[in-house]
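Chains as they are written, first to last, in full-length UniProt numbering: chain H, 1 to 375; chain E, 1 to 375; chain B, 1 to 375.
Read the hints as simulated data drawn from the structure, not as lab findings.
Every residue, glycine too, gets a C-beta built ideally from N, C-alpha and C.
Be aware that one or more of the hints could be misleading.
Pair ranges (Cβ atoms, derived) [said to hold, decoys possible]: (1) E/S157 / B/G27: 29 to 35 Å; (2) E/I168 / H/R183: 42 to 48 Å; (3) H/S155 / E/V247: 23 to 29 Å; (4) H/P369 / E/N283: 53 to 59 Å; (5) B/T68 / H/E250: 40 to 46 Å; (6) H/Y187 / E/V247: 39 to 45 Å; (7) E/R116 / H/S60: 21 to 27 Å; (8) H/K6 / B/L220: 36 to 42 Å.
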Amino acid sequence: MLSKDKIFLALLIFIPISIAARFLHWGEIVIFITSALAILPLAAWMGTATEEIAVVLGPSLGGLLNATFGNATELIIGLVALNAGLINVVKASLTGSIIGNLLLVMGLSMLLGGLRYKEQEFQPIVARVNASSMNLAVIAMLLPTMVNYTSQGISESTMQTLSSAVAIVLIIVYGLTLLFSMRTHTYLYDAGVADMEPEELETLADSNLADEESGGKVNLPLWIGILLACTLMVAVESELLVDSLEVATESLGLTALFTGVIIVPIVGNAAEHATAVTVAMKNKMDLSVSVAVGSSLQIALFVAPVLVLAGFILGQPMDLDFNPFELVAVAVAVLIANSISSDGRSNWLEGTLLLAAYIVLGIAFYFHPVIEGIG
Amino acid sequence: MLSKDKIFLALLIFIPISIAARFLHWGEIVIFITSALAILPLAAWMGTATEEIAVVLGPSLGGLLNATFGNATELIIGLVALNAGLINVVKASLTGSIIGNLLLVMGLSMLLGGLRYKEQEFQPIVARVNASSMNLAVIAMLLPTMVNYTSQGISESTMQTLSSAVAIVLIIVYGLTLLFSMRTHTYLYDAGVADMEPEELETLADSNLADEESGGKVNLPLWIGILLACTLMVAVESELLVDSLEVATESLGLTALFTGVIIVPIVGNAAEHATAVTVAMKNKMDLSVSVAVGSSLQIALFVAPVLVLAGFILGQPMDLDFNPFELVAVAVAVLIANSISSDGRSNWLEGTLLLAAYIVLGIAFYFHPVIEGIG
Amino acid sequence: MLSKDKIFLALLIFIPISIAARFLHWGEIVIFITSALAILPLAAWMGTATEEIAVVLGPSLGGLLNATFGNATELIIGLVALNAGLINVVKASLTGSIIGNLLLVMGLSMLLGGLRYKEQEFQPIVARVNASSMNLAVIAMLLPTMVNYTSQGISESTMQTLSSAVAIVLIIVYGLTLLFSMRTHTYLYDAGVADMEPEELETLADSNLADEESGGKVNLPLWIGILLACTLMVAVESELLVDSLEVATESLGLTALFTGVIIVPIVGNAAEHATAVTVAMKNKMDLSVSVAVGSSLQIALFVAPVLVLAGFILGQPMDLDFNPFELVAVAVAVLIANSISSDGRSNWLEGTLLLAAYIVLGIAFYFHPVIEGIG
């Protein structure tokens with residue numbers, strides 16, 4: 001665990017560096033890379049602070065906090081990019097987050113876990129409930145694209161009305177999913193935790209960057225302060241990232257689609273990556289899989305609809321009309337992730353298959369010609 | 001049970017009202033709504049009469065009768081609309097029936113059943129055999145659309161030849177499915193019924209509107225008379241429904257696609273809806289799921305091919321070339337229904353997910369711009 | 001078993017007949033049919049020789065030999081057709097082999113096995129690992145088509161770069177799959193074989209045409225000679241087949257797409273067909289399913305990428321840009337095969353459903369209008 005914590009601490013140095021890069025005009029590529037590196041530790045600390053505060057608030061309120069702030073980094077980057085008018089990047093980063101969580105995060109977890117343990121097990125029941133929610137979420141999110149693609153094309157205003165209607169349904173479903181997991185059917189989700197040894201639960205807490213605090217009582221004001229500070233700094237750094245994004249990626253020869261689908265989500269999801277892989281290597285596949293799947297679920301059921309409604313408020317024409325190849329890629333990711341996770345077992349080959357799918361999709365996105373402008 | 005019977009009795013009043021509406025020129029919207037309401041009790045009584053006669057005929061002939069008359073209402077409405085040249089409405093009502101049964105009927109059953117029981121179980125084996133048949137049926141039904149969509153377009157006569165060939169394969173598969181369930185592998189399907197208490201079987205009979213008859217012996221001539229009378233009246237009312245459909249829905253601002261996919265199937269499947277929901281609330285999920293899935297299966301394997309061949313005879317260019325978005329919607333419905341029913345358990349959230357999928361698809365169909373004319 | 005051996009022996013007569021047909025100018029249709037018939041016994045003998053040599057080489061080297069030569073017939077026909085510039089036929093025969101193995105071979109096995117045994121079982125674990133590899137393989141193989149189809153179209157050189165990159169990933173995954181099944185997780189695959197009685201293992205050997213050899217020690221030089229001779233003769237006959245293919249199929253009124261997807265794979269896979277059906281009728285569904293699925297897997301993970309890279313060397317513009325309907329057909333085949341094999345049980349109806357899917361796809365391919373030229 002030490003190494004991960006130390007890496008995150010070391011990465012904090014990129015906060016001042018990225019700000020310096022901006023004011024001293026070191027070039028867009030430097031700003032882009034340093035702000036991306038600066039976001040990583042901030043996202044990790046936001047995660048820890050959220051967890052710590054959630055413990056004090058108790059299961060219900062705490063669960064709600066987790067559910068709202070769980071993907072705060074993606075949400076903040078998304079809002080900043082939306083405000084800057086980079087709508088295609090925002091959309092691409094939504095599909096990219098789903099693909100990245102299901103293929104890259106889950107794949108790395110299963111591969112690295114599988115290299116250490118011959119076979120790893122996790123609860124298929126939760127995997128199955130999540131798979132059904134995931135199917136619905138992804139299908140709903142992608143339906144407006146299909147309406148557009150299977151017709152002669154629909155007007156921009158119809159697309160926005162349709163997207164908003166779908167967004168509202170998705171947020172309601174998200175609320176009901178929380179009600180299900182935190183109120184009416186808690187026992188389904190508890191089973192895995194109940195089986196854990198006390199030592200394992202501690203590991204779980206450790207894995208979220210918690211250090212001396214996890215033994216004694218939680219210092220609530222401190223963590224609230226950390227959460228607010230990190231949230232603020234992520235916003236600041238997101239501005240740097242978003243402002244430098246267009247010029248930086250273009251000069252690297254990358255399309256807006258590739259940047260949105262591959263680069264941005266890796267920055268936004270780095271904390272989940274670290275957690276999922278770390279716990280997988282401790283043979284806690286239950287937790288690892290639920291971090292990966294839960295995060296995708298939150299993107300589709302909460303972050304995406306919130307950004308659609310925010311676009312409405314910000315006066316940006318944000319809708320759910322994706323590039324058809326994004327639709328294909330998400331469908332592919334969900335299909336393969338379902339097929340691999342449905343039996344509640346994993347091994348290194350399954351991890352490799354997920355990673356191979358991610359690599360092949362990455363190659364395809366790299367070569368995909370984008371017609372629309374970056375915004 | 002009483003309330004459902006009473007509602008159906010009360011609805012019989014719409015038979016004279018709808019006829020009066022026609023001859024007294026009360027407007028197309030009134031005719032449309034009253035004839036739709038008049039069809040509901042007729043469909044329910046047809047279902048009961050079919051069940052009662054089937055009991056007398058014994059498992060084999062009775063099963064055949066059930067398999068043929070089970071979706072008689074849809075078939076009659078379809079034939080009347082086909083004869084009137086409303087081919088796109090007929091096609092849309094086929095996909096709409098499949099979507100409605102898998103999402104609306106199964107979703108309402110799982111939601112209302114799940115509000116009363118924390119977890120409900122049903123036989124996964126039958127669910128799986130049905131899922132495979134369903135996959136094949138739906139794929140075969142949608143292949144001609146895919147041939148058209150993936151090529152530069154094929155001629156109308158080739159499309160009809162292709163559709164007829166597919167229709168013949170589907171009818172043969174339907175026959176083999178009956179042979180499997182009623183002759184060679186009856187035990188797979190019996191298991192669920194064998195587990196039932198006598199009292200439960202009675203409930204099952206009750207749920208199909210059977211009243212005093214179920215105790216004593218069946219009055220065969222009476223039920224045959226009822227079946228014939230209801231069949232005749234459904235045809236009559238279908239004429240009223242179909243004749244008023246174009247003007248009524250247009251003046252309500254609905255497209256032919258939306259009317260065919262959402263409105264018509266709700267009228268045609270109301271009896272199945274009532275049965276499936278009623279038995280789900282009595283914790284008979286086995287029966288509830290098989291009503292919903294079985295009904296979709298019958299649409300794809302029997303009603304659709306019969307209508308294609310009938311179009312050939314009636315000289316109407318009926319084929320299996322659907323709107324591509326119908327194809328997407330059916331694929332989505334089958335995928336979600338499979339994913340939710342494959343584990344043999346259900347709860348209120350799974351019901352909600354199915355309903356949410358139905359609502360989202362409904363919204364999408366509402367906004368889908370239709371290019372083709374209504375016929 | 002005798003009958004199968006005798007048929008293959010009798011078919012050897014078509015080797016001289018096909019050569020005579022060529023030199024005596026008996027017409028392209030005669031050459032096409034006789035060379036196709038001549039390939040059948042050669043493919044069967046190549047299979048037997050490979051098995052026999054593999055036994056001597058031991059599990060690792062032998063497994064590798066099997067993995068490389070298992071689809072040698074398809075590979076040779078593919079290389080000859082590629083060299084002749086029949087690129088669309090080569091591509092179509094790749095998708096056709098996958099469809100044929102999953103639907104025709106598995107369907108016939110389940111149907112004929114199911115007519116003799118009420119229910120047949122096979123190991124769902126291996127089926128599931130294979131299904132995941134299959135999903136990945138097929139998706140990766142079809143991604144370039146999707147990139148092309150979802151964009152305004154990409155240049156031929158980009159398509160070839162993309163296809164080569166995907167091909168390299170696929171070959172690496174193939175290597176890792178072999179490592180998994182032959183080194184790190186052998187026990188998963190052994191289970192089925194370990195359960196067999198000695199008598200059954202003998203049957204298994206018999207089923208591969210092995211006769212007097214299986215009792216004593218293997219005559220290695222003889223089998224290497226047979227393997228080389230058969231490989232050479234398959235190439236010779238493939239030339240006859242490929243040279244006569246265009247004229248013969250056109251004069252039979254068949255498109256290049258139909259020929260490639262339906263006719264060529266039946267010739268190339270006849271040996272697998274015979275083996276899978278034979279062992280299914282002996283109630284060895286484990287072996288039967290793994291022949292069918294394993295063969296499709298080899299096509300997607302090994303034969304297809306090798307042909308792409310060979311096209312690069314031969315200067316033929318071979319890529320992975322398929323007809324979109326081939327993509328639909330493969331997706332359909334994988335979906336239905338997964339849905340039917342996932343429970344580890346089969347019966348005659350499931351076999352029939354697979355065959356019906358194959359027939360419906362065959363009808364659709366027959367009517368599919370092809371725009372591109374044959375090469």
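Review point. So which of those numbered hints doesn't the model satisfy?
Key: 2, 6 and 8
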